[in-house]
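Enquirer: Line by line, the protein sequences give chains X and S.
Quick note, the first sequence lines up with residues 824 to 942 if you use this note's numbering.
Quick note, the second sequence lines up with residues 68 to 190 if you use this note's numbering.
Bear in mind the hints are in silico, worked out from the structure with no lab data behind them.
Certain hints may be false.
Below, computed lysine-lysine pairings styled on DSS-like, alpha-carbon distance capped at 25 Å [claimed, not checked]:
id	chain 1	residue 1	chain 2	residue 2
1	X	LYS825	S	LYS75
2	S	LYS74	X	LYS825
3	S	LYS131	X	LYS911
4	X	LYS889	X	LYS848
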Amino acid sequence: MKFGILVNEGPYQHQASDSAYLFCKAALAKGHEIQRVFFYHDGVNNSSRLTEPPQDDRNVVARWSKLAAEHGVDLVVCVAAALRRGIKDENLAPGFRISGLGQLVESGIQSDRMVVFGD
Amino acid sequence: MTEGVAKKFMFVNRTAPYGTAYALESLEVVLITAAFDQDVSLVFVEDGVWQLKKGQQTKGIETKNFSPTYRALEGYDVEKLYVERASLEARGLTEADLIVDVTVLDAGDLGKLMAEQDVVLSF
Chain X
824 MKFGILVNEG PYQHQASDSA YLFCKAALAK GHEIQRVFFY HDGVNNSSRL
874 TEPPQDDRNV VARWSKLAAE HGVDLVVCVA AALRRGIKDE NLAPGFRISG
924 LGQLVESGIQ SDRMVVFGD
Chain S
68 MTEGVAKKFM FVNRTAPYGT AYALESLEVV LITAAFDQDV SLVFVEDGVW
118 QLKKGQQTKG IETKNFSPTY RALEGYDVEK LYVERASLEA RGLTEADLIV
168 DVTVLDAGDL GKLMAEQDVV LSF
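Chain X on its own, in the form it takes in the complex (with noise of 0.2 Å):
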């Protein structure tokens, strides 16, 4: 199956940013396709290489950013939901694009299931 996915909160501050890694991580496994991450709302934090976490704690970024390299997933950042947030392509994370909101309504049409991980 082919799937489209929605991540609208930030990192650290709400599971919604592990549940859809992992999410995307078990599909792969299975043999689904992950159409694309979209990122909107806070989830657009999700993206920035200023990320520091505690070296004892998983780097939720850096996971994306693997996931990315590893697979090929298109993981879009939603451009006005990111210039409010201070994201820019000057401190975005590798793997990660900056684009409109476009490509959410595209990754709808596109994929079998749409699965929105928030608040």
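Based on the hints, put chain S in the right spot on chain X.
Expert: Frame of chain X; chain S shown alone:
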């Protein structure tokens, strides 16, 4: 690549308009989805019904009043607006308190409508 494909998109609005950014940013997706010529419907449940309250004045909280946008939705062919009856009643509101015409539905009918959708985005 996606041209000509029309899916049923439903946006479920659950939060009051200014406490968080969900309502404002939900509207932004709604407008883009309409621009993609998709079949769009909006649902207002729980505190989400406050988004449609008439007479919003936001000057005191130094925040933009985006409620007029709901009235503009018709111009984007977004005309399916549903409000859950119990949410409205629990807050002492009636249809007359809302800035746009809506269809008021019981939770059960709303559930049936949700089951018919291709994509449900909840904010």
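Enquirer: If you draw a straight line from the CA of X:LYS825 to the CA of S:LYS75, is it 25 Å or shorter?
Expert: Satisfied, since the Cα-Cα distance of roughly 17 Å is no more than 25 Å.
Enquirer: Given the hinted pair S:LYS74 and X:LYS825, is their Cα-Cα distance within 25 Å?
Expert: Holds, because 16 Å separates the two Cα atoms, which is no more than 25 Å.
Enquirer: Is S:LYS131 close enough to X:LYS911, meaning Cα to Cα at most 25 Å?
Expert: holds, 24 Å
Enquirer: Given the hinted pair X:LYS889 and X:LYS848, is their alpha-carbon gap at most 25 Å?
Expert: holds, 11 Å
The structure meets every hint from the earlier list without exception.
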